[in-house]
Amino acid sequence: MASSALVQGFGGFSGLVSPFSSSSPQKRLIIGLSNLQSEQKKSFISVRSDASVSHFSNSVNRASKLVTNAVAVKGESAASPVSSKSGHELLLFEALHEGLDEEMERDPRVCVIGEDVGHYGGSYKVTKGMATKYGDLRVLDTPIAENSFTGMAIGAAMTGLRPIIEGMNMGFLLLAYNQISNNCGMLHYTSGGQFTIPAVIRGPGGVGRQLGAEHSQRLESYFQSVPGLQMVACSTPYNAKGLMKAAIRSENPVILFEHVLLYNLKEKIPDEEYICCLEEAEMVRPGADVTILTYSRMRYHVMQAAKTLVNKGYDPEIIDIRSLKPFDLYTIGNSIKKTHKVLIVEECMRTGGIGASLRAAIIENFWDYLDAPIMCLSSQDVPTPYAGTLEEWTVVQPPQIVTAVEQICQ
Amino acid sequence: MARNPVKLLRTAVSSNPLLRGSLSARPFSSTDNSTPIEVETTLPFTSHQIEPPSRIVSTTAAELLKFYRDMFLMRRMEIAADSLYKSKLIRGFCHLYDGQEAVCAGMEAAITRSDCIITGYRDHCLFLGRGGTLMEVFSELMGRKDGCSKGKGGSMHFYKKENGFYGGHGIVGAQVPLGCGLAFAQKYDKAEAVTFTMYGDGAANQGQLFEALNIAALWNLPSVLVCENNHYGMGTAEWRAAKSPAYYKRGDYAPGLKVDGMDVLAVKQAVSYAKEHALKNGPLILEMDTYRYHGHSMSDPGSTYRTRDEISGVRQERDPIERVRKLVLLHNIASAAELKDIEKEAKKEVDDAIALAKESPMPDSSELFSHVYVKGFGVEAYGADRKDFKGLLP
Numbered sequence: 001m002a003s004s005a006l007v008q009g010f011g012g013f014s015g016l017v018s019p020f021s022s023s024s025p026q027k028r029l030i031i032g033l034s035n036l037q038s039e040q041k042k043s044f045i046s047v048r049s050d051a052s053v054s055h056f057s058n059s060v061n062r063a064s065k066l067v068t069n070a071v072a073v074k075g076e077s078a079a080s081p082v083s084s085k086s087g088h089e090l091l092l093f094e095a096l097h098e099g100l101d102e103e104m105e106r107d108p109r110v111c112v113i114g115e116d117v118g119h120y121g122g123s124y125k126v127t128k129g130m131a132t133k134y135g136d137l138r139v140l141d142t143p144i145a146e147n148s149f150t151g152m153a154i155g156a157a158m159t160g161l162r163p164i165i166e167g168m169n170m171g172f173l174l175l176a177y178n179q180i181s182n183n184c185g186m187l188h189y190t191s192g193g194q195f196t197i198p199a200v201i202r203g204p205g206g207v208g209r210q211l212g213a214e215h216s217q218r219l220e221s222y223f224q225s226v227p228g229l230q231m232v233a234c235s236t237p238y239n240a241k242g243l244m245k246a247a248i249r250s251e252n253p254v255i256l257f258e259h260v261l262l263y264n265l266k267e268k269i270p271d272e273e274y275i276c277c278l279e280e281a282e283m284v285r286p287g288a289d290v291t292i293l294t295y296s297r298m299r300y301h302v303m304q305a306a307k308t309l310v311n312k313g314y315d316p317e318i319i320d321i322r323s324l325k326p327f328d329l330y331t332i333g334n335s336i337k338k339t340h341k342v343l344i345v346e347e348c349m350r351t352g353g354i355g356a357s358l359r360a361a362i363i364e365n366f367w368d369y370l371d372a373p374i375m376c377l378s379s380q381d382v383p384t385p386y387a388g389t390l391e392e393w394t395v396v397q398p399p400q401i402v403t404a405v406e407q408i409c410q
Numbered sequence: 001m002a003r004n005p006v007k008l009l010r011t012a013v014s015s016n017p018l019l020r021g022s023l024s025a026r027p028f029s030s031t032d033n034s035t036p037i038e039v040e041t042t043l044p045f046t047s048h049q050i051e052p053p054s055r056i057v058s059t060t061a062a063e064l065l066k067f068y069r070d071m072f073l074m075r076r077m078e079i080a081a082d083s084l085y086k087s088k089l090i091r092g093f094c095h096l097y098d099g100q101e102a103v104c105a106g107m108e109a110a111i112t113r114s115d116c117i118i119t120g121y122r123d124h125c126l127f128l129g130r131g132g133t134l135m136e137v138f139s140e141l142m143g144r145k146d147g148c149s150k151g152k153g154g155s156m157h158f159y160k161k162e163n164g165f166y167g168g169h170g171i172v173g174a175q176v177p178l179g180c181g182l183a184f185a186q187k188y189d190k191a192e193a194v195t196f197t198m199y200g201d202g203a204a205n206q207g208q209l210f211e212a213l214n215i216a217a218l219w220n221l222p223s224v225l226v227c228e229n230n231h232y233g234m235g236t237a238e239w240r241a242a243k244s245p246a247y248y249k250r251g252d253y254a255p256g257l258k259v260d261g262m263d264v265l266a267v268k269q270a271v272s273y274a275k276e277h278a279l280k281n282g283p284l285i286l287e288m289d290t291y292r293y294h295g296h297s298m299s300d301p302g303s304t305y306r307t308r309d310e311i312s313g314v315r316q317e318r319d320p321i322e323r324v325r326k327l328v329l330l331h332n333i334a335s336a337a338e339l340k341d342i343e344k345e346a347k348k349e350v351d352d353a354i355a356l357a358k359e360s361p362m363p364d365s366s367e368l369f370s371h372v373y374v375k376g377f378g379v380e381a382y383g384a385d386r387k388d389f390k391g392l393l394p
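Chains X and B, in that order, are what the protein sequence lines are. When we follow my numbering, the leftmost residue of the first sequence carries the number 1, and every step to the right adds one. When we follow my numbering, the leftmost residue of the second sequence carries the number 1, and every step to the right adds one.
The hints are simulated quantities; they were obtained by calculation from the structure and are not laboratory data. Heads up, some of the hints might be wrong.
Coverage of chain B stretches by chain X, computed from C-beta distances (three or more under 8 Å per stretch; other residues unrestricted) [as the list claims (entries may be wrong)]:
1) 55-62
2) 149-161
3) 214-221
The calculated label-pair distances, taken between Cβ atoms and stated as ranges, are [said to hold, decoys possible]:
4) Asn220(B) to Glu214(X): 52 to 60 Å
5) Asp364(B) to Tyr177(X): 52 to 60 Å
6) Glu102(X) to Glu359(B): 50 to 58 Å
7) Asp300(B) to Asp371(X): 58 to 66 Å
8) Lys161(B) to Ser123(X): 33 to 41 Å
9) Phe369(B) to Asp371(X): 40 to 48 Å
10) Tyr177(X) to Leu279(B): 32 to 40 Å
11) Tyr177(X) to Gly235(B): 22 to 30 Å
12) Lys190(B) to His119(X): 49 to 57 Å
13) Leu174(X) to Leu279(B): 47 to 55 Å
14) Tyr386(X) to Gly207(B): 57 to 65 Å
15) Glu51(B) to Glu102(X): 44 to 52 Å
16) Lys190(B) to Glu272(X): 33 to 41 Å
17) His119(X) to Ala246(B): 34 to 42 Å
Predicted, not measured: the structure shown is a model, and the values here were computed from it. By construction, the Cβ of each residue, glycine as well, lies at the ideal position given by its N, Cα and C atoms.
Using the sequences and the accompanying hints, generate a full structural model.
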């Protein structure tokens with residue numbers, strides 16, 4: 001096919017030439033990082049939307065080792081895509097640590113700023129050992145002052161540094177909302193393009209184990225309408241590392257949503273360097289009956305429900321949307337064109353959540369392909385209670401997902 | 001500057017017999033462009049936790065004339081913006097800086113372009129001082145595409161990255177953490193430069209200021225916080241908004257200096273002193289005691305919360321341009337006629353720039369969507385009809 005031929009022909013280039021020189025300047029791949037070491041290998045990944053992958057590099061044409069549908073759930077029928085000879089097993093927070101470490105080593109402008117990230121090693125150990133390795137100027141412990149240290153990181157980003165702002169819990173970033181919305185998101189536009197803000201804002205959010213209302217917030221819905229921001233949610237060690245690296249290299253401000261309960265997920269990830277596309281959704285389980293769109297922790301609830309559904313004879317197609325802003329309407333659209341039914345499972349609040357926007361986007365673009373109304377399962381519009389049973393009922397549980405699919409597929 | 005002041009003086013002296021006599025005692029070289037002239041500041045500096053700098057400021061004839069010209073240009077620019085706003089060519093918010101020019105001019109004289117300045121929304125003159133052109137100012141104010149932010153920012157969003165001017169921010173106080181971040185970047189890059197974070201007496205009550213100051217002091221950042229105290233935070237007088245209006249003392253552990261902000265030489269002295277201090281010892285606060293003749297913005301008449309007598313009183317006694325004019329005339333750097341010429345030239349420059357800016361076209365409609373994101377990392381998302389996409393590992 002023409003497009004893959006284009007990529008293959010490109011495989012022989014030394015890498016600093018844009019392969020799309022014949023097309024409009026906007027399609028030119030931007031290679032603006034000037035402080036790359038010359039011995040760095042340049043490899044190119046072409047990822048088709050159906051999750052098939054071709055991987056080329058200068059030196060050796062390696063067989064594809066990219067994992068495109070990694071699921072770290074025990075007993076999952078899909079075999080581990082990374083062969084036992086290559087790759088290494090680690091937990092999600094270690095994957096984040098690895099991604100962060102690699103990027104900090106690669107680019108001296110990358111720095112981490114947050115509470116307890118330095119000497120303490122990070123409250124979720126994502127920055128463990130980094131203060132000793134990179135020094136106090138690159139791994140910065142701040143006082144408890146989210147508004148100002150977020151502002152400071154954005155100011156530093158205006159000059160070209162690449163800060164990673166860690167919110168100890170995503171909910172604390174509400175204190176910095178003005179800085180994130182007005183300065184981080186909008187400065188590139190209001191300055192007519194003079195400033196780029198290559199900052200990454202990350203931290204754990206979501207409903208944990210009885211953490212109480214203020215510490216169980218999902219901020220995806222609050223930031224989704226801020227223009228200029230990109231939002232991604234990681235769910236497996238593989239995509240955690242890939243998205244972390246991609247977010248750091250991106251020139252746009254990216255908010256990386258992690259989940260408190262997913263930090264100890266274990267998975268085998270490739271040894272070689274890889275990144276995940278920030279705007280791409282992940283095909284978790286191809287199917288034919290219904291498209292289930294989900295992200296972050298709900299992916300695992302969906303996978304659990306999927307086991308029951310498969311036993312009952314259904315064939316759900318499960319997509320982890322990963323990119324919360326902008327939505328990967330291409331992958332989602334292709335899936336809807338196949339199955340004609342959509343179920344959205346999210347942990348966000350029902351009102352004004354990611355599901356609500358996604359629903360609107362799907363109706364706008366794929367109305368003709370739908371055979372049934374879009375169902376959306378989200379958390380209840382209540383502050384998360386402390387009591388364990390109540391907390392369970394706030395969040396979507398696998399039996400509810402099974403019932404919903406059965407209802408849609410009638 | 002149009003003409004050589006020494007030449008001016010010579011022609012003035014040789015054409016006026018009265019002057020010849022008085023100047024014969026003083027050799028011409030004393031009015032040379034670069035001979036230092038020592039001037040004492042009108043008021044002493046008040047300080048907190050630091051030794052105040054000397055009241056004797058060294059300046060030159062060239063510098064004084066530059067001050068005069070620059071401040072007059074700024075004044076004319078703001079007055080012109082006033083009339084443009086009233087004729088509805090400028091819309092939205094327009095916050096004018098006239099009365100406060102000495103802070104900007106004095107600061108620019110003491111620093112370099114590798115130092116950074118960041119301020120709030122009263123940014124027109126600071127932008128000009130940092131090397132912005134009048135054309136860029138008026139185009140941006142009128143929302144044209146030749147504006148410094150391509151017409152997409154407006155009055156409150158002037159930026160000039162290459163000259164170290166970081167804006168231009170609408171939310172009161174939000175620029176203070178940004179400014180401390182700029183100072184952090186300067187320390188990170190070992191730039192040996194300082195960031196001047198300007199804010200007003202209104203913003204001085206924002207919590208994020210103290211948070212940022214705390215972090216800056218902890219990390220020893222080369223950051224100078226400059227409070228332009230014009231005594232009114234929007235419509236509220238300073239004594240009604242701040243329990244402690246001694247803004248230079250509010251830094252507590254950070255040293256502070258209170259400066260007469262209407263005296264351009266005092267500002268220059270304090271700023272160079274502050275820069276030296278901040279490079280070695282971390283942040284300090286400069287409080288510039290200044291005044292704005294206009295209201296908070298163009299929608300504020302400025303007379304409901306203060307009397308006209310107060311405004312005209314300050315204009316008569318403390319006007320910064322008048323002060324420099326008196327100094328220039330006292331030291332015979334230029335005659336009144338020559339100053340008049342400078343003024344006429346400035347007026348013409350402003351008028352020409354406005355005429356040019358009025359010709360500038362409105363931004364193209366495609367500009368609505370440009371600069372929301374930076375296209376980077378080689379990955380592009382097209383939307384629902386996208387056929388393929390590529391990821392590139394740089």
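Results for each hint:
1. 55-62: The restraint on the region 55-62 of chain B is violated, since only 0 of its residues have a Cβ under 8 Å from chain X and three are required.
2. 149-161: holds (count 10)
3. 214-221: It holds, with 4 qualifying residues against the three required.
4. Asn220(B) to Glu214(X): 52 to 60 Å: violated (34 Å)
5. Asp364(B) to Tyr177(X): 52 to 60 Å: violated (32 Å)
6. Glu102(X) to Glu359(B): 50 to 58 Å: At roughly 52 Å between Cβ atoms, Glu359(B) and Glu102(X) fall inside 50 to 58 Å, so the hint holds.
7. Asp300(B) to Asp371(X): 58 to 66 Å: Since Asp300(B) and Asp371(X) have Cβ atoms about 59 Å apart, the given range 58 to 66 Å holds.
8. Lys161(B) to Ser123(X): 33 to 41 Å: holds (35 Å)
9. Phe369(B) to Asp371(X): 40 to 48 Å: violated (34 Å)
10. Tyr177(X) to Leu279(B): 32 to 40 Å: Between Tyr177(X) and Leu279(B), where Cβ atoms are some 34 Å apart, the hint holds.
11. Tyr177(X) to Gly235(B): 22 to 30 Å: holds (26 Å)
12. Lys190(B) to His119(X): 49 to 57 Å: For His119(X) against Lys190(B), whose Cβ atoms are near 23 Å apart, the range 49 to 57 Å is violated.
13. Leu174(X) to Leu279(B): 47 to 55 Å: violated (36 Å)
14. Tyr386(X) to Gly207(B): 57 to 65 Å: Cβ of Tyr386(X) to Cβ of Gly207(B): about 29 Å, so the range 57 to 65 Å is violated.
15. Glu51(B) to Glu102(X): 44 to 52 Å: holds (49 Å)
16. Lys190(B) to Glu272(X): 33 to 41 Å: holds (34 Å)
17. His119(X) to Ala246(B): 34 to 42 Å: holds (36 Å)
Checked against the numbered hints given earlier, the structure breaks hints 1, 4, 5, 9, 12, 13, 14 and satisfies all the rest.
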